[in-house]
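Enquirer: So the protein lines, in turn, are chains R and A. Numbering-wise (UniProt numbering), the first sequence opens with residue 1 and increments by one. Numbering-wise (UniProt numbering), the second sequence opens with residue 1 and increments by one.
Derived by calculation from the structure, the hints in this document are not laboratory data. Some hints could be false.
No copy is singled out in the list; a pair is fine if it fits within one copy or between any two copies.
[Unchecked claim] Listed below are the simulated BS3-like cross-link pairs for lysine-lysine, each with C-alpha atoms no more than 30 Å apart in a straight line: (1) 29 x 104; (2) 7 x 18; (3) 29 x 18; (4) 29 x 7; (5) 18 x 104; (6) 104 x 7.
There are 2 protein chains.
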Amino acid sequence: MAAVTLKDVADRAGVSIKTVSNVVRGVPKVSAATRDRVIRAVHELGYRPNPSARRLRTGRSGLIALAVPNLTTPYFAELAQHVRAEAARLGLTVLIEETMGDAKEELRLATGVGADLLDGVILSPLHVSLDELAPVTHEIPLVLLGERGYERDRITADHVMIDNIAAARDVTAHLAGLGRTRIAAIGVTTTPSASARQRLEGFHQALHQAGLTYDPRLAPAIRRFDRPDGLLAMRDLLRLPAGVRPDAVFCFSDLLAIGAQRALYEAGVDCPGEVAVAGIDGSQEALYSTPSLTTVIPDKAAIASLAVRCLADRIGSAGPLPFEVHLAPYRLVARESTEGVRRPLPV
Amino acid sequence: MAAVTLKDVADRAGVSIKTVSNVVRGVPKVSAATRDRVIRAVHELGYRPNPSARRLRTGRSGLIALAVPNLTTPYFAELAQHVRAEAARLGLTVLIEETMGDAKEELRLATGVGADLLDGVILSPLHVSLDELAPVTHEIPLVLLGERGYERDRITADHVMIDNIAAARDVTAHLAGLGRTRIAAIGVTTTPSASARQRLEGFHQALHQAGLTYDPRLAPAIRRFDRPDGLLAMRDLLRLPAGVRPDAVFCFSDLLAIGAQRALYEAGVDCPGEVAVAGIDGSQEALYSTPSLTTVIPDKAAIASLAVRCLADRIGSAGPLPFEVHLAPYRLVARESTEGVRRPLPV
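One chain only, chain R, in its complex shape (with noise of 0.2 Å):
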């Protein structure tokens, strides 16, 4: 029996061989009636895609890698949205990896190593170092996400990233211009990562600007930026004596702040009364919160389409691109956590 071809197909749903390839592919500019009816004539011809024939006709396997340290963060899990979105815009498919943070897994991922199909890789890293990256990033299209502070002159990869020091900045100033004065900061690692770096840095700048004192009591080392760390260094910070206690806390991403928020339920301190919280990252849990957390939103659209838009440049091109960083915007939201004032979400 022959192959059933696009051609077949296209003649069966009385379409063209461009709109089947389209509808084949997952590309969602096809109007639904369209769809139906050319899924329905794949079906009843029996047409199977061939694996290889993209390939072999464009070089080029239309599929690309998202790779983040964890899904079952919000934070990563609502980007892949947004880039799996921006990806099908350009006819790519999105394969998502997990690094779980491992720097090997990162680096075997930012060589195409194991992934043998791909046209390019977006990678999020979070321990893998620049040293490392630097002399395999010829070998596959790579853009990094995230807040790696690189040089302009020694990146090696496009970056896309939001201004960390200055998000952190902001959200300390909050804290501070609310008449907070011993502010502490939840995010300091034990290993070293470049976001913890940077909003420390913010964070220092800000206290300096208030006419603050950094005290180093209040910022207790964290092992991973999720909630039993958050958990954890709240309930330390809680045994400080009276005087030293903290009367707000600027966690490092929302999930730490969802922890050090279980902390003070725990210990029936009220917050913002006692303890005012915020965070960062803008997920929608920090929005149900109770109280409703106050966090930096970055604008994960922007983040995807720019990382995105930026990789297809670069495996779409003949010869060899400069490298670039991408800056996103983000904006510092207000919420109970820190204002107190208890108010229906707007839904």
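Knowing the structure of chain R, use the given hints to seat chain A on it.
Expert: Here is chain A on its own, set in the frame of chain R:
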């Protein structure tokens, strides 16, 4: 320049070709030291895996898809992590797809259309019906996740689920056992959903067993199992007159319950003093909620293991296999949102 082969890498690293292949495919059973040596050899020689070699050699890509409604739903992000871990054990790579609950998209994924590289698909359907799936499931090995309640003689794919009727019955019985008599259900959907139907069935059974009468005013319709819908439904329930207003709410997902808890917080209603709340999913977010959320925890590792092994059997089988339904265990965990005793989380 002759292409660098697996054998060249193996010689350089002083390991077997099989070991190089395992490292390159990301199979985690190689020691860290050996893996480092292989990765170094890969870089030194500039080895790139041959995109088509594996498929040409075995007829398989080693790639399976996991299609879930939404990765920003913690349950699915956590499940995806388990599926990836189990697949890695079998040397399979997982392509994660989001359907956003779109029936057409679910059908597309079930048929393998648009996914021309896959050996098989694990699909957690929300809205596609059995009638739509029945004629297409022979085109690609398929395992379905979640509570569809198919009759065994009608199923046309392997199926992995928990007993949702029993789970919903357990939660409702727990609320009734606390002496609550006006128990509401948030989760009846405006569009048909098998999960909602089964959980409502368990809810009915438990009410009946407890000698309570079902009051349709206590089962408001929602669109989706997410936070905003839980918030809006709970706000409506709180507007009911005294005597009708619920003293407990069983939410058909943790996200709905988080939204319901938020509505109680906004209204200054004590949880669980005035209204007890329970969910289903067992996400970490539920544990960190204030109060911590009573919920049903499906054994996600078991679900993932059953699903991946089922699919691998089907991919590896020369002939047709009978379709099976596999039940995974679950457990009900009572917490502050129903029991009222505030205590530190065990971390």
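Enquirer: Each hint should be assessed against the structure and marked as holding or not.
Expert: To see whether the hints hold, each was checked on the structure:
1. For the homomeric pair residue 29 and residue 104, the shortest alpha-carbon distance between copies (14 Å) is at most 30 Å, but the shortest distance inside one copy (38 Å) is not.
2. In this assembly of identical chains, the alpha carbons of residue 7 and residue 18 lie at most 30 Å apart only when taken from the same copy (9 Å versus 42 Å across copies).
3. Taking identical chains as interchangeable, the C-alpha atoms of residue 29 and residue 18 lie at most 30 Å apart only when both belong to the same chain, with a minimum of 12 Å there against 44 Å between chains.
4. Taking the shortest alpha-carbon separations for residue 29 and residue 7, only the intra-copy value of 20 Å comes in at or below 30 Å, while the best inter-copy value is 45 Å.
5. Within a single copy, residue 18 and residue 104 get their C-alpha atoms only as close as 41 Å, which misses the 30 Å cut-off; across copies the closest is 20 Å, which meets it.
6. In this homomeric assembly, residue 104 and residue 7 come within 30 Å of each other (Cα to Cα) only across copies, at 22 Å, whereas the closest approach inside a single copy is 45 Å.
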